[in-house]
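2 protein chains.
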Amino acid sequence: MIWCRFEAEGKPAYGLVEGEAVREVEGSPFDAYTATDRTRSLASVRLLVPCEPPTIYACGVNYEAHARWASEYFGRDMTRSKPEVNYRGVNALLAHDQAIVIPRDSTGDIHYEAELAAIIGRQAKHLTKEDALSCVLGYTILNDVSERAWQRQDKTIWRSKNSDTFNPLGPWIVTDLDVANAETEVRINGSVASHFATGKMIYDLTTYLVETSRYLTLLPGDVMSLGTDGATVPGLPEGDVIEIEITGLGTLRNHVTREKLN
Amino acid sequence: MIWCRFEAEGKPAYGLVEGEAVREVEGSPFDAYTATDRTRSLASVRLLVPCEPPTIYACGVNYEAHARWASEYFGRDMTRSKPEVNYRGVNALLAHDQAIVIPRDSTGDIHYEAELAAIIGRQAKHLTKEDALSCVLGYTILNDVSERAWQRQDKTIWRSKNSDTFNPLGPWIVTDLDVANAETEVRINGSVASHFATGKMIYDLTTYLVETSRYLTLLPGDVMSLGTDGATVPGLPEGDVIEIEITGLGTLRNHVTREKLN
Chain U
16 MIWCRFEAEG KPAYGLVEGE AVREVEGSPF DAYTATDRTR SLASVRLLVP CEPPTIYACG
76 VNYEAHARWA SEYFGRDMTR SKPEVNYRGV NALLAHDQAI VIPRDSTGDI HYEAELAAII
136 GRQAKHLTKE DALSCVLGYT ILNDVSERAW QRQDKTIWRS KNSDTFNPLG PWIVTDLDVA
196 NAETEVRING SVASHFATGK MIYDLTTYLV ETSRYLTLLP GDVMSLGTDG ATVPGLPEGD
256 VIEIEITGLG TLRNHVTREK LN
Chain F
16 MIWCRFEAEG KPAYGLVEGE AVREVEGSPF DAYTATDRTR SLASVRLLVP CEPPTIYACG
76 VNYEAHARWA SEYFGRDMTR SKPEVNYRGV NALLAHDQAI VIPRDSTGDI HYEAELAAII
136 GRQAKHLTKE DALSCVLGYT ILNDVSERAW QRQDKTIWRS KNSDTFNPLG PWIVTDLDVA
196 NAETEVRING SVASHFATGK MIYDLTTYLV ETSRYLTLLP GDVMSLGTDG ATVPGLPEGD
256 VIEIEITGLG TLRNHVTREK LN
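Those protein sequences? They're chains U and F, same order as listed. Everything in the first sequence is counted per the working numbering, starting at 16 for the first residue and increasing by one. Everything in the second sequence is counted per the working numbering, starting at 16 for the first residue and increasing by one.
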């Protein structure tokens, strides 16, 4: 099942992607819903961010090669000895096909981070290893866009990772995914920039759900983004098109622009 | 004007506090609203968290004496050379008069942090010094409850500052506040534990609004919590009652319990 959110007569609506069509739904996947008989062609709809997360949790530094790269890049030990989450701002969410806007005073040292993101489907606390995944509605793709100069010089990740448009999420939510056999590929202007096994995380989703839900109530629509692998490529200049594809989830595509000076 | 949110026949509603009464409102302070002729006695209503923030921004280490104390306490320089925000989780919000619940495996080293919090009233970006405060609906109190053992040992502040119930917010939103002349007082079981001049911040609200809105779109209901002053007292054991009073805003009161073992 593929859930999307799109603009229907100027208002957001949830829909089900059925081949090349989108069937409009009344309600949402997080509550009661009814599929309607209103369908549109997928190509004709403007996709929105696929849900409205109360919280975006980021499971940082969750792949071996990225941990090595990041530790070298930042000149300090970036490995995590246990699963810990950080936060991303909902202001920065961006839909598929919309523009990543580099802030006017950025150095331009903008990196992508291609991440598998789980979407929480129901309220949950004190999950066990056995039932953890039962709270997951499905999966989508998050691009954890990062301004590395700010990330190096600031004490928190507020603007380096949460400037408006820095959290592209989509294109939609797929309810069934074979994480163990999925591959993540990043393409810049059509050329492969990165490719890794999606499932080779240091701490898997079950571990993150169990650990976080010992203390935090997970809420419907929450995003848990599971980190990226490998080195990232410096500089996404204005005009670049970045695509992130994960097997079974499709492709999240965004282009890059620069904020205009007033 | 005093805005509250309360439980009306099992559903949340906004209201206006008028002396000892609450007048129910249709709509919200963030949108169009109509005051109704339905009033209740303030004493009889169950207050809810006074708004539903898309994001809770925390302006950390924003008073001189707290910066000195925290640097000594954590054994590293905690001062900020520029205004930077961090994040708090909405899962952890707690209303006035509700229980702070210490997680079952906490060491019990729970500190309060008494903070003035501004509530954003309208969407805003690229605010200037001159117009920054025009986006503020009003002010309330946030208790930035902190588990110091976890804060010392974890890499992020996920559970040390965002375990469920660790963000008491309230009791309500007051639209007019003389910040420069306000005083913050913390009382534990009725005894004064801390007292400081609310307005003696390192970076004031205007500075935070201007700086953050260069990169982040502020949204209606967002909370910007402005930090605490002084040392904080270790250990809020089960049974304690903590009150935070800020001149003109009233008192945020919560009691402390311990999560039951299953």
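One thing to keep in mind: the hints can contain errors.
Treat identical chains as interchangeable: a pair holds within one or across any two.
Unchecked claim - With a cut-off of at most 27 Å between alpha-carbon atoms, the simulated DSS-like pairs for lysine-lysine come out as follows:
id, residue 1, residue 2
1, LYS215, LYS275
2, LYS215, LYS26
3, LYS170, LYS97
4, LYS275, LYS97
5, LYS26, LYS97
6, LYS26, LYS170
7, LYS215, LYS97
8, LYS144, LYS97
9, LYS144, LYS275
10, LYS144, LYS26
In case anyone wonders, no lab produced these hints; they're calculated from the structure. Since we're looking at a predicted model, the values are computed, not measured.
Does the structure break any of the earlier hints, and which numbers would those be?
1, 2, 5, 6, 10
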